[in-house]
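Starting from the structure of chain F, add chain D where the hints point.
There are 2 protein chains.
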Amino acid sequence: MDKNILSIINEGLHDDLLVLFAHMNAVDIADVLEHAETGKAVEAFRLLDDALAADVFSYFSVEIQQLIVDSLTDTEVTEIMEDLPIDDMVDFIEDVPDDVGKRVLDSVSAEKSEIVDRILDYPEDSVGSVMTTEIVELTPELTVREALNSIRASGVDKETIYTCYVVGSDRKLIGVVTADILLYSQLSEKVGDLMDTNVIYAEAGDDREELANKFSKYDLIAIPVVSRSGQLVGIVTIDDILRVITEEDTEDFARIVGVNPSDAPYLKTGVFRHAGNRIIWLLVLMLAATIVGAIIETFEDALTVLPILMAFVPMLMGAGGNAGAQSSTMVIRGMSLGEIDIPDVLKLVWRETRIAIICSVILGIANFIRIFLMYDQNHTLAWVVSLSLTVTLVVAKAIGCTLPILAKVAKLDPAVMAAPIITTIVDATAVIVFFAIARMAFNI
Amino acid sequence: MDKNILSIINEGLHDDLLVLFAHMNAVDIADVLEHAETGKAVEAFRLLDDALAADVFSYFSVEIQQLIVDSLTDTEVTEIMEDLPIDDMVDFIEDVPDDVGKRVLDSVSAEKSEIVDRILDYPEDSVGSVMTTEIVELTPELTVREALNSIRASGVDKETIYTCYVVGSDRKLIGVVTADILLYSQLSEKVGDLMDTNVIYAEAGDDREELANKFSKYDLIAIPVVSRSGQLVGIVTIDDILRVITEEDTEDFARIVGVNPSDAPYLKTGVFRHAGNRIIWLLVLMLAATIVGAIIETFEDALTVLPILMAFVPMLMGAGGNAGAQSSTMVIRGMSLGEIDIPDVLKLVWRETRIAIICSVILGIANFIRIFLMYDQNHTLAWVVSLSLTVTLVVAKAIGCTLPILAKVAKLDPAVMAAPIITTIVDATAVIVFFAIARMAFNI
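These protein sequences, in sequence, are chains F and D. Heads up: the first sequence begins at 1 in this note's numbering, then just goes up one per residue. Heads up: the second sequence begins at 1 in this note's numbering, then just goes up one per residue.
Next up, chain F with everything else stripped away, as it sits in the complex (with noise of 0.2 Å):
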């Protein structure tokens, strides 16, 4: 960040800011309006031309976006709106009060608000919900010439020229054909004879996440998005992609350790909506560990005969818990990466199983030579663990697998069965096979 330009911002040196704004990229002008003095902000903003400034402000976040809204009259809001792509006018109206989106709509024209309007209508994980509508449309029966004229006559707002889908009758879309060939062809060509009919499209019902592995699969730029009927209403461009894919990687990571996902940057959250987003799962872990300590309890006669069997409790249940949290959240990943799916439940049952048999049997044979070293070469007692370490790495492991999936079934996110749960199911079939076994090896 720039202390000079923050200094020129707050002292309102505007003649300054307009050479300074003109060698300066949008994204990082709407960095520096942030870190400003909110008043100046506003002021500086202003100074900005129309297109300019839709371009700043999808940038913002949108706290300063809705301040900025508050304090520009409606002629200035319709101006900025009216250049506001479609996706970001989209996202803005979403994570605003319900009047100040009302306002927003009421200031663009009838046709952008009902275009508006119907993506909001969109399912919040659907494709139509990140889609733009701003679309270069050819037919087939226009000549490269007749089509490069129409990108130019299109106009700028467009979200991407690179890639020109082709409808025929009905709207429906039939092909597609790429800027560069069109360049390299002849003028006198047929956009018909050009296109590729293999369209690789989404419809506006779909999963926006399976949308991502789509995009990754085909190494696409964009894709077009078209309603049951085959018609085409939009195209989802890969720079949304990537925000949606960061976006669902960080839900992921949150829910695995058992935290309520949150979009807010980690530094801009305050300490007690953090606190919130933990709690939860800590209250839950607390009372599962209590069952698990309860279950402990039962074993109190065991125990006083046998005081030493105590010592290997942490750490079956923290083999076990880890295992357990890497299988799920190995499945998890592959899951959202679409490379496992539901149908692959049992092959990934029987996959765990022999990973779970494979590490519990060296594990089992590291503990058995550290017990035979260092508790008198109690053999029973050696046996008694190795044995409760197999059986707690093959249920951790099973379960780690199977509850993602189940969650999947439900129509769950699959990331909500993560290590935390997973870990307290462990935790507690550790302890009660251990002493299960112990009981029978030494009679207690």
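Hints may contain errors.
One copy or any two copies: either way a pair holds, since identical chains are not told apart in the list.
Unchecked claim - In silico DSS-like links for lysine-lysine, alpha-carbon gap of 27 Å or less: (1) Lys268 with Lys214; (2) Lys214 with Lys172; (3) Lys347 with Lys3; (4) Lys268 with Lys217.
Because the hints were derived from the structure by calculation, they are not lab data. These numbers were taken from a predicted model, which means no experiment stands behind them.
Leaving out everything else, chain D in the frame of chain F:
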């Protein structure tokens, strides 16, 4: 996967295949060939024309790529490799044995092999290693007409023509102009007057994860890469960045639960490989848990007097471990998104301490009520547990947010310092704090 196509390939019905392939895109052709019998897949691959063959080749897994190269003649290898984009060739050569790589490099022009060699020299996580050198380069004195002709003439093998870079003398990068600007402008205008001179660029030696954040921040589709002296050496396109982000996130997911990251998809990795990726951490954790067990043993006297204490150990360890994992994961994610950096460490500790206190007050109250009801209104026990909980949570969250920062200072991946190691430290702390407080409170 279409079973019909698969059987047509396996039966070697080449005429039918040619018809089918004409209606498929490269990704899907690669996909279906991957699933066919190996010999038949190579036969079918030979049917493709050079450009499509190169495209299909770039989507194969490295195993199939190597198999194809091994079964082709030198001339055939040359034909495909000359059509293969630089970055896909680099990816391939990085993954195959040296002799295969050498054969491929020998098959292409000296110019192309020199460029590939240069990219291979960049460190694995650098911007240079993911860039490609196929760029549209313009000079400022060209007119729009000349620029469009030059783009048209430069052939279809450029990675993207959407963004064109303008270089001055010494090939230094001086501006950028997008295809839509060229298309919307008068044919007689000069590139130098249309170009944007506020170019966002990367240096070849920069870290590729930081580059990913730059793409998100500035909504980029491609970024020019310059040498240390400012000369244009290549570009990185957003589809490659999408792959980088997915890879880095997948690595972080694995590391957070103590799994050694691997590039291969879950279901394509053998069980022994899976077990190998997970066993190191399980062994380290078992050792660490053994230490915690040993610590518990040293408090055997206290446990003999008051065996009930043991029932609270799992709860304390669970709450502490989980609270620490929450903090570390939030900080790791914040760091990889570029929201948190090393200088924020004190701010982080102060925030996390407050979060810990808020959470532990709530957990403490819940716990107090429970103990009061379940354990004959034992005030002292309730205080001991609640106090231990607070100390454990503060320590857990402070360690949880500090270790990832320390890792970054030591130039390690912050995710290495993740949940498992933090859990272990916190478990030991929880046990020691709890028994120390209990001893004082109960005079044992």
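Outcome of the hint check:
1. Proximity of Lys268 to Lys214 under the C-alpha cut-off of 27 Å is restricted to the inter-copy arrangement: shortest distance 19 Å between copies versus 32 Å within a copy.
2. For a Cα distance limit of 27 Å, the shortest separation of Lys214 from Lys172 inside one copy, 21 Å, qualifies, whereas the shortest one across copies, 37 Å, does not.
3. In this homomeric assembly, Lys347 and Lys3 come within 27 Å of each other (Cα to Cα) only across copies, at 21 Å, whereas the closest approach inside a single copy is 58 Å.
4. With identical chains, the CA atoms of Lys268 and Lys217 are at most 27 Å apart between copies only, with a shortest distance of 16 Å across copies and 34 Å within one.
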